[in-house]
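As given, the protein sequences belong to chains S and W, one line each in that order.
To convert, note that position 245 of the first sequence is 245 in the numbering used here; the numbers rise steadily by one, no gaps.
Heads up: take any position in the second sequence, counting from 1, add 488, and you land on the numbering used here.
The reader is advised that the hints may include incorrect statements.
[As the list claims (entries may be wrong)] In silico SDA-like pairs for lysine to any residue, Cα to Cα no more than 25 Å straight-line:
hint : chain 1 : residue 1 : chain 2 : residue 2
1    : W       : K509      : S       : V126
2    : W       : K688      : S       : E313
3    : W       : K539      : S       : M250
Source of the hints: derived by calculation from the structure; they are not laboratory data.
Computed from a predicted model, the values in this text were never measured in an experiment.
Each chain, letter by letter, is given below.
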Amino acid sequence: MTFTWRPARRLLASLVQSRTIITENKFNKAGLERAIPAFRSVCGDGGVSLSEAVREQHGRDESVHRCCPPDVVVWPRCVEEVSALAKICRHHCLPIIPFGTGTGLEGGVGAVEGGVCFSLRNMDRVLDVHQEDFDVTVEPGVTRKGLNSYLRDTGLWFPVDPGADASICGMAATSASGTNAVRYGTMRENVLNLEVVLADGTVIHTAGRGRRTRKTSAGYNLTNLFVGSEGTLGLITKTTLRLYGVPEAMVSAVCTFPSVQAAVDSTVQILQAGVPIARIEFLDDVMIDACNRFNSLSYPVAPTLFLEFHGSEKSLEEQVTVTEEITRDNSGSDFNWARDAETRGRLWKARHDAWYAALALRPGCKAYSTDVCVPLSHLPQIIVETKEDLVRNRLTGPIAGHVGDGNFHCLMVLDPNDPDEVTRVHEFTERLARRALALDGTCTGEHGVGLGKRALLREEMGPLAIEVMQGLKATLDPKNLMNPGKVL
Amino acid sequence: MSRVLVGVKRVIDYAVKIRVKPDNSGVVTDGVKHSMNPFCEIAVEEAVRLKEKKFISEVVAVSCGPAQATETIRTALAMGCDRGIHVEVSGKDYESLGPLQVSKIFAALAKKEEASLVILGKQAIDDDCNQTGQMTAALLDWPQGTFASEVEITGDKVKVVREIDGGLETIKINMPAVLTADLRLNTPRYATLPNIMKAKKKKIANVKPADLGVDIVSRACRGTEWDTVGSLYEQWRSRSEHGALVF
Numbered sequence: 001m002t003f004t005w006r007p008a009r010r011l012l013a014s015l016v017q018s019r020t021i022i023t024e025n026k027f028n029k030a031g032l033e034r035a036i037p038a039f040r041s042v043c044g045d046g047g048v049s050l051s052e053a054v055r056e057q058h059g060r061d062e063s064v065h066r067c068c069p070p071d072v073v074v075w076p077r078c079v080e081e082v083s084a085l086a087k088i089c090r091h092h093c094l095p096i097i098p099f100g101t102g103t104g105l106e107g108g109v110g111a112v113e114g115g116v117c118f119s120l121r122n123m124d125r126v127l128d129v130h131q132e133d134f135d136v137t138v139e140p141g142v143t144r145k146g147l148n149s150y151l152r153d154t155g156l157w158f159p160v161d162p163g164a165d166a167s168i169c170g171m172a173a174t175s176a177s178g179t180n181a182v183r184y185g186t187m188r189e190n191v192l193n194l195e196v197v198l199a200d201g202t203v204i205h206t207a208g209r210g211r212r213t214r215k216t217s218a219g220y221n222l223t224n225l226f227v228g229s230e231g232t233l234g235l236i237t238k239t240t241l242r243l244y245g246v247p248e249a250m251v252s253a254v255c256t257f258p259s260v261q262a263a264v265d266s267t268v269q270i271l272q273a274g275v276p277i278a279r280i281e282f283l284d285d286v287m288i289d290a291c292n293r294f295n296s297l298s299y300p301v302a303p304t305l306f307l308e309f310h311g312s313e314k315s316l317e318e319q320v321t322v323t324e325e326i327t328r329d330n331s332g333s334d335f336n337w338a339r340d341a342e343t344r345g346r347l348w349k350a351r352h353d354a355w356y357a358a359l360a361l362r363p364g365c366k367a368y369s370t371d372v373c374v375p376l377s378h379l380p381q382i383i384v385e386t387k388e389d390l391v392r393n394r395l396t397g398p399i400a401g402h403v404g405d406g407n408f409h410c411l412m413v414l415d416p417n418d419p420d421e422v423t424r425v426h427e428f429t430e431r432l433a434r435r436a437l438a439l440d441g442t443c444t445g446e447h448g449v450g451l452g453k454r455a456l457l458r459e460e461m462g463p464l465a466i467e468v469m470q471g472l473k474a475t476l477d478p479k480n481l482m483n484p485g486k487v488l
Numbered sequence: 489m490s491r492v493l494v495g496v497k498r499v500i501d502y503a504v505k506i507r508v509k510p511d512n513s514g515v516v517t518d519g520v521k522h523s524m525n526p527f528c529e530i531a532v533e534e535a536v537r538l539k540e541k542k543f544i545s546e547v548v549a550v551s552c553g554p555a556q557a558t559e560t561i562r563t564a565l566a567m568g569c570d571r572g573i574h575v576e577v578s579g580k581d582y583e584s585l586g587p588l589q590v591s592k593i594f595a596a597l598a599k600k601e602e603a604s605l606v607i608l609g610k611q612a613i614d615d616d617c618n619q620t621g622q623m624t625a626a627l628l629d630w631p632q633g634t635f636a637s638e639v640e641i642t643g644d645k646v647k648v649v650r651e652i653d654g655g656l657e658t659i660k661i662n663m664p665a666v667l668t669a670d671l672r673l674n675t676p677r678y679a680t681l682p683n684i685m686k687a688k689k690k691k692i693a694n695v696k697p698a699d700l701g702v703d704i705v706s707r708a709c710r711g712t713e714w715d716t717v718g719s720l721y722e723q724w725r726s727r728s729e730h731g732a733l734v735f
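Isolated chain S, as found in the complex (with noise of 0.2 Å):
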């Protein structure tokens, strides 16, 4: 078997050297040397480190992607100091990599073309909560689960939920999403400003400093040109969110369903019934079946829907009940639900170690997750279809799905020392994604382009859409520093 070295067979090349460690460094080595003191001189010598392990560290994120460390790693203490840095990697054409939580799931922090990680992690301040107004600036360094302890007190939490403890503002630059998307939005929605370091150091606030309303028609929207970037646009060092009341009462629950049409026209109904519901998420038996054994549980190995419901005591009786009355008319079976927190976890555990419990199939196995997301009314012939391919491919690739957006990943195990395994499922990924895609659909739902969709990107986009965002690339970072290698 022989490849050719094209973008599209990018995955398969990261996944079998997904051990080895390359530093490519296409630029100017002297200009790297050069540049070090002077990073020394604005982050002190503690907060720039040139030690493998630590590179190594940096260059890697939760993806299937080899690890691409970069030349140095420096540790930012203020925007001040990020302006500074920025500065000197555009004099030095040094590319630049911003790191949050290196969460990621799609290679957006591997230093492709070597280069400079500007790790953020010390930049962890909670700044501006204002409770009457429902927002809070925060920095990079503060995570998601880190901010809503924060605000505990406050009765206002922050719903955006992509499962890892992320970056908040490294959520922004991904667009992330998550379970409570159908309630509550995704990064597009919830971000109201942000602090961004452009290529040359410059520092803009893109709705204007300290403006934070809810709404506005004021000039050119760049905050959400800057959301879901991925770091090629700039660097984004403060994110003002908008948070919500955390809800009175929640309650969970669980159904189960003959076919995965059943359990899909039961989610849209209950859309179109006007349940505000706050998750809705699909397991496949497959997934189900894995569940069970890796938490010795016993749910009935079939398609299954978990649910979650937000709001006060009395709407929640109508909204489980409208609820229920709906998976019963869809042939929905074994309806359990829970009203306290120690029982509404037991009852979701098995959707939170989904991943772990796909792990567990095949130990030793690395996993991928596919990432795809169409109309709602197309979700069920995609699913089928995709699980016809994976059957008649000998693929492992149990569902998890938020059915509530129609975004549903297929969550890969496969073994990356099997070259044949691993271009079934590179090819799998490739016929899946053009198979939402004509179905009106998008490649990735939440997990954002990185290193492995840049094909597909394209093919979604088409070529005068794509011009564009390389028109605004082209300004914004002429000297193509930021990111290189993502997303375009």
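With chain S fixed as given, assemble chain W onto it according to the hints.
For chain W alone, coordinates are given in the frame of chain S:
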């Protein structure tokens, strides 16, 4: 029906990186985020659940400290307590306030409020003393169920499952009693906005330790240093009576 007192302490938030003051006299507290001690949150949650299950009729949140302690009481009220008592202790008195004085205050309040249960967190995360609950029970001569990971009330008895070194111990004690909450007793609820609004209208009474007949002057004295073990032993031998240590 019965009334429960819950003790809540305002401490530096568990997520904060503690820094020592430059003069080494203590830790930096100015401008640092404070919140309710996590074990106190668990105690409040348990008390509120007991009220929801109708075993008790009223939950009173108590905190000893300066003016800011009322914020912690408000959080307890937002979690479901009915009213609060702020025992005002500030300045130097607060710096030397320790479990013995706090337990005297709680004992006095428990009698005054005719409480049938006093529920405290097992320890505070700033001093880790793990003494207040036990001392309160001793002063009141009440049974104690400490390190509780499960609490069940039947009639006027409480079944407590305690987390101890060897595993779990189940005891049955009579009420009135003192309980201290351990980590796995429950998962505390978040204060919701509607409840925070309601809590603003609930009453917090302000009292001083003297009003309760409690003297909080600290009698802890400075120790003495000796150069060698030998000289310590000599002092010890010369001071002991019948082999017992006397100071």
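Evaluated hints:
no.: 1; hint: W:K509 x S:V126; verdict: 22 Å, holds
no.: 2; hint: W:K688 x S:E313; verdict: 21 Å, holds
no.: 3; hint: W:K539 x S:M250; verdict: 19 Å, holds
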